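*Asks:* Hey, can you work out the whole structure from these sequences and the hints?
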Amino acid sequence: MSEFDVIIVGAGPAGASAAIKLAGAGSSVLLVERGDPPGSKNVSGGVLWGDSLGSVAPDWEKAAPMERYVEAKGVSFLTKDSKISIDFRSKKLQERRSGYTVLRTKLDGWLSKKAKDAGAMVASGITVDKLAFKDDRVIGVEQDGDIITSDIVILAEGANPRVAINSGIRERLKDRDVAIGVKEIIKLPEKTINERFNLTSSKMGFASEYVLGFLEGGVKAGGFIYTNKESISLGLVISMKEMRQNNNTRSFDLIEQFKEHPYIAPLIDGGRVDEYSAHMVQEGGLKSVPQLYGNGFMVVGDGAGFSFSNGMVLQGMNYAIASGIAAAESAIKAKIKSNFTMEGLSSYEERLKSSFVLQDLMNFKGIEEVTWSDMIHRGIPNMSEELFLSLFSENGQPKAHMINLLIRAMGHSDVPRKDMVINMYRMLRRM
Amino acid sequence: MVLEIIVMIKQVPDSQEVVIDPVTFTLNRGAARNVINPADENAIEAALRIKDKTGAHITVITMGPPFAESALIDCMSRGVDDAVLVTDRAFAGADTYPTGLTLASTIKKLGKYDIIFAGEESTDSSTGHVGPGVAEFLGTDQASYTSESWYEDGFVYAKRELEEGTEIVKMKPPTLITVLTNANDPRRATLRKKIDAMKKGIKTMTLADLGMPPEWVGLRGSPTVVKSMRTIDEKKREGKKFKIEEIPKLVDELIEKKIISI
Ligand SMILES: Cc1cc2nc3c(=O)[nH]c(=O)nc-3n(C[C@H](O)[C@H](O)[C@@H](O)COP(=O)(O)OP(=O)(O)OC[C@H]3O[C@@H](n4cnc5c(N)ncnc54)[C@H](O)[C@@H]3O)c2cc1C
Ligand SMILES: Cc1cc2nc3c(=O)[nH]c(=O)nc-3n(C[C@H](O)[C@H](O)[C@H](O)COP(=O)(O)OP(=O)(O)OC[C@H]3O[C@@H](n4cnc5c(N)ncnc54)[C@H](O)[C@@H]3O)c2cc1C
Numbered sequence: 001m002s003e004f005d006v007i008i009v010g011a012g013p014a015g016a017s018a019a020i021k022l023a024g025a026g027s028s029v030l031l032v033e034r035g036d037p038p039g040s041k042n043v044s045g046g047v048l049w050g051d052s053l054g055s056v057a058p059d060w061e062k063a064a065p066m067e068r069y070v071e072a073k074g075v076s077f078l079t080k081d082s083k084i085s086i087d088f089r090s091k092k093l094q095e096r097r098s099g100y101t102v103l104r105t106k107l108d109g110w111l112s113k114k115a116k117d118a119g120a121m122v123a124s125g126i127t128v129d130k131l132a133f134k135d136d137r138v139i140g141v142e143q144d145g146d147i148i149t150s151d152i153v154i155l156a157e158g159a160n161p162r163v164a165i166n167s168g169i170r171e172r173l174k175d176r177d178v179a180i181g182v183k184e185i186i187k188l189p190e191k192t193i194n195e196r197f198n199l200t201s202s203k204m205g206f207a208s209e210y211v212l213g214f215l216e217g218g219v220k221a222g223g224f225i226y227t228n229k230e231s232i233s234l235g236l237v238i239s240m241k242e243m244r245q246n247n248n249t250r251s252f253d254l255i256e257q258f259k260e261h262p263y264i265a266p267l268i269d270g271g272r273v274d275e276y277s278a279h280m281v282q283e284g285g286l287k288s289v290p291q292l293y294g295n296g297f298m299v300v301g302d303g304a305g306f307s308f309s310n311g312m313v314l315q316g317m318n319y320a321i322a323s324g325i326a327a328a329e330s331a332i333k334a335k336i337k338s339n340f341t342m343e344g345l346s347s348y349e350e351r352l353k354s355s356f357v358l359q360d361l362m363n364f365k366g367i368e369e370v371t372w373s374d375m376i377h378r379g380i381p382n383m384s385e386e387l388f389l390s391l392f393s394e395n396g397q398p399k400a401h402m403i404n405l406l407i408r409a410m411g412h413s414d415v416p417r418k419d420m421v422i423n424m425y426r427m428l429r430r431m
Numbered sequence: 432m433v434l435e436i437i438v439m440i441k442q443v444p445d446s447q448e449v450v451i452d453p454v455t456f457t458l459n460r461g462a463a464r465n466v467i468n469p470a471d472e473n474a475i476e477a478a479l480r481i482k483d484k485t486g487a488h489i490t491v492i493t494m495g496p497p498f499a500e501s502a503l504i505d506c507m508s509r510g511v512d513d514a515v516l517v518t519d520r521a522f523a524g525a526d527t528y529p530t531g532l533t534l535a536s537t538i539k540k541l542g543k544y545d546i547i548f549a550g551e552e553s554t555d556s557s558t559g560h561v562g563p564g565v566a567e568f569l570g571t572d573q574a575s576y577t578s579e580s581w582y583e584d585g586f587v588y589a590k591r592e593l594e595e596g597t598e599i600v601k602m603k604p605p606t607l608i609t610v611l612t613n614a615n616d617p618r619r620a621t622l623r624k625k626i627d628a629m630k631k632g633i634k635t636m637t638l639a640d641l642g643m644p645p646e647w648v649g650l651r652g653s654p655t656v657v658k659s660m661r662t663i664d665e666k667k668r669e670g671k672k673f674k675i676e677e678i679p680k681l682v683d684e685l686i687e688k689k690i691i692s693i
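Just so you know, the sequences run in chain order Z and V.
Residue numbers are given in the working numbering: position 80 of the first sequence equals residue 80, and the series is strictly consecutive.
Counting from 1 along the second sequence, just add 431 to a position and that's the residue number in the working numbering.
Because the hints were derived from the structure by calculation, they are not lab data.
Since the model is a prediction, treat every value here as computed from it, not as a measurement.
Where hints are given, some of them may not hold.
Stated by the list, open to error - Straight-line C-alpha distance at most 16 Å; calculated EDC-like pairs for lysine to aspartate or glutamate:
{"no.": "1", "chain 1": "V", "residue 1": "Lys674", "chain 2": "Z", "residue 2": "Glu256"}
{"no.": "2", "chain 1": "V", "residue 1": "Lys672", "chain 2": "Z", "residue 2": "Glu256"}
{"no.": "3", "chain 1": "V", "residue 1": "Lys672", "chain 2": "Z", "residue 2": "Asp253"}
{"no.": "4", "chain 1": "V", "residue 1": "Lys672", "chain 2": "Z", "residue 2": "Glu260"}
{"no.": "5", "chain 1": "Z", "residue 1": "Lys116", "chain 2": "V", "residue 2": "Glu579"}
{"no.": "6", "chain 1": "V", "residue 1": "Lys671", "chain 2": "Z", "residue 2": "Glu216"}
{"no.": "7", "chain 1": "V", "residue 1": "Lys674", "chain 2": "Z", "residue 2": "Glu3"}
{"no.": "8", "chain 1": "V", "residue 1": "Lys674", "chain 2": "Z", "residue 2": "Glu216"}
*Replies:* Structure (structure tokens):
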């Protein structure tokens with residue numbers, strides 16, 4: 001007899017969602033979280049896209065600690081002196097459902113409390129060392145030399161899957177699979193945020209991604225700004241490969257360069273940095289998805305590689321929640337049949353395949369090659385800057401034809417014209 | 432016969448986020464995260480080390496609000512056997528006198544006690560009164576500001592850190608020991624013990640359980656009157672940024688402003 005039906009390692013959105021679902025269905029659940037309280041270890045701030053929380057709590061839109069509804073979405077290319085943006089605002093984003101900005105300390109705290117209320121035992125402030133095996137079957141977890149047993153272990157440990165690696169169920173991460181995300185929470189009054197981002201109320205939110213084509217040494221990184229009620233989440237993501245290739249790069253230096261950009265600085269002027277954190281991001285897409293389940297275990301969320309960034313949106317929490325729920329449902333099914341082997345848990349993969357989790361990853365396969373291309377980071381920004389400068393300036397010369405301007409602008413892009421055309425074609429196909 | 436150890440702990444707000452309410456002159460603890468008072472972590476560890484050697488039974492007690500439960504569970508997750516939360520609206524607003532009296536009454540109610548541990552002082556009020564106060568109310572010996580303690584052949588030994596050196600005192604139980612912050616390296620909670628702690632849960636005692644007259648506790652039992660309080664505004668510093676390559680320039684400027692000299 002195991003001590004618990006299910007032990008879940010990690011109380012991020014993936015683990016906590018699985019715990020809520022399982023405990024709600026009457027399973028005995030132990031949710032173990034390194035942070036105390038849950039959420040204190042997590043890079044806080046981001047956009048939770050979609051309505052995946054609906055399967056955790058039907059009343060989530062009222063009950064969960066959401067910050068603002070994203071009704072304004074931007075994408076900007078930044079060069080040293082210019083900013084080229086799409087600023088999409090639409091009342092229809094409400095109907096079509098975009099997302100909410102969230103602060104992770106609050107969201108994770110709320111989720112863990114829900115798990116506890118549903119009957120899960122939440123052990124925070126504890127780091128699990130590894131999985132415990134008997135023959136080829138996972139029988140629980142090991143911590144400080146003790147073994148705690150369960151029929152199933154759900155690994156929800158996030159982007160740095162040390163338990164999985166230490167237990168030999170996945171390989172060490174490769175540089176190409178990971179990126180570093182750094183983030184700051186900058187405090188500003190609600191009213192100031194509304195004014196600076198042109199928001200008509202404190203419920204309306206702005207979220208924007210930035211292609212940072214101007215960083216010192218030509219380092220490629222993607223930035224973001226999200227508005228919370230009384231703060232701004234600002235940060236950037238840089239691939240490990242890019243870090244290594246520019247071995248003088250320091251992530252805090254990059255974030256300073258981003259903040260000092262002439263069109264970013266006024267947005268955060270007078271703000272107080274309340275929190276700073278750095279965290280791993282899985283960048284590898286489909287090819288870095290490890291073994292998802294086996295005898296007595298399932299892997300969910302970031303730990304399973306379920307996140308992606310295409311330079312315009314950075315998503316992971318929605319996949320984390322959806323995969324946590326899928327694992328919980330599979331565990332419930334396995335319990336009914338009393339079959340906790342790989343075969344008994346195989347419905348997990350089927351659930352993922354039929355949901356947006358694996359479908360998105362398949363659809364965006366190879367996207368990271370585009371995301372980190374010279375074309376995105378230098379080609380398009382430089383070309384657009386030159387094009388718009390020619391279009392929007394007046395120097396007494398006769399105007400050239402658009403096509404000629406475009407071709408001339410391409411010449412300013414730092415990237416050979418031929419490569420630009422090939423890359424653009426590739427990018428359109430991939431997206 | 433099992434050695435009975437009591438550890439008194441207080442939950443205090445973490446960090447600098449504590450602000451003083453300008454109207455009521457009380458600490459606004461709402462914003463900050465609550466943690467175990469740092470010295471009390473060392474007191475717990477001191478008790479656990481005696482338990483490791485003698486198999487003593489440890490009870491941790493705190494007088495505080497219901498949410499202090501998490502701190503007590505945390506202590507049990509490290510190896511403390513039992514936990515008692517002394518909680519009652521009547522205890523609110525206590526100064527060090529009724530705090531000590533209430534804790535002393537609790538300890539008496541619990542039965543036998545051989546060694547009582549406390550932290551040297553709390554980080555939020557830092558009077559250092561409560562430990563010695565409890566010893567006085569119970570009429571036990573006491574050793575304050577200790578860095579180490581042990582039990583041998585029926586005696587309690589404690590090493591006190593003094594300005595001129597160290598002093599080792601030998602005492603007959605029952606006795607009270609206050610422990611210096613950073614006296615030792617507190618062990619971590621383990622999952623096994625945490626599960627056991629959550630299953631076992633804590634005990635709660637109220638004013639009625641202690642059988643104390645209400646005028647002895649809380650604000651009513653407190654001789655101290657806080658007449659006024661001032662907050663000291665932080666001085667705004669100019670602040671200036673230097674890049675890594677500009678360190679020589681920074682050094683020059685510091686010398687020029689007579690902040691450092693070479
Ligand atoms: C703004 C302000 C001003 C105050 N001014 C005064 C004042 O002038 N005079 C006065 O007497 N009081 C005053 N108090 C109240 C008082 O300081 C504390 O609340 C008090 O009761 C505990 O004392 P301490 O925190 O200084 O503990 P300390 O005596 O510093 O704590 C030493 C040890 O005693 C133990 N201990 C302390 N409190 C508890 C507890 N509740 N439960 C279990 N163990 C405990 C712990 O082991 C701790 O490490 C004031 C409080 C505030 C908020
Ligand atoms: C800078 C940055 C910005 C991002 N922005 C967004 C965004 O806007 N929108 C979005 O959807 N996603 C965003 N993401 C991605 C998102 O954060 C992740 O996809 C998501 O958090 C994954 O959830 P998870 O539950 O799988 O893992 P996590 O949230 O990482 O949770 C894992 C939990 O497990 C705990 N843990 C780990 N190891 C152990 C152990 N051994 N024992 C006990 N506990 C353990 C950790 O403390 C942590 O609480 C961003 C990520 C970064 C770094």
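*Asks:* Hint by hint, note whether the structure agrees.
*Replies:* These are the hints, each one checked on the structure:
no.	hint	result
1	V:Lys674 / Z:Glu256	holds, 11 Å
2	V:Lys672 / Z:Glu256	holds, 11 Å
3	V:Lys672 / Z:Asp253	holds, 12 Å
4	V:Lys672 / Z:Glu260	holds, 12 Å
5	Z:Lys116 / V:Glu579	violated, 39 Å
6	V:Lys671 / Z:Glu216	violated, 21 Å
7	V:Lys674 / Z:Glu3	violated, 56 Å
8	V:Lys674 / Z:Glu216	holds, 13 Å
When the structure is compared with the earlier hints, violations turn up for hints 5, 6, 7 and for no others.
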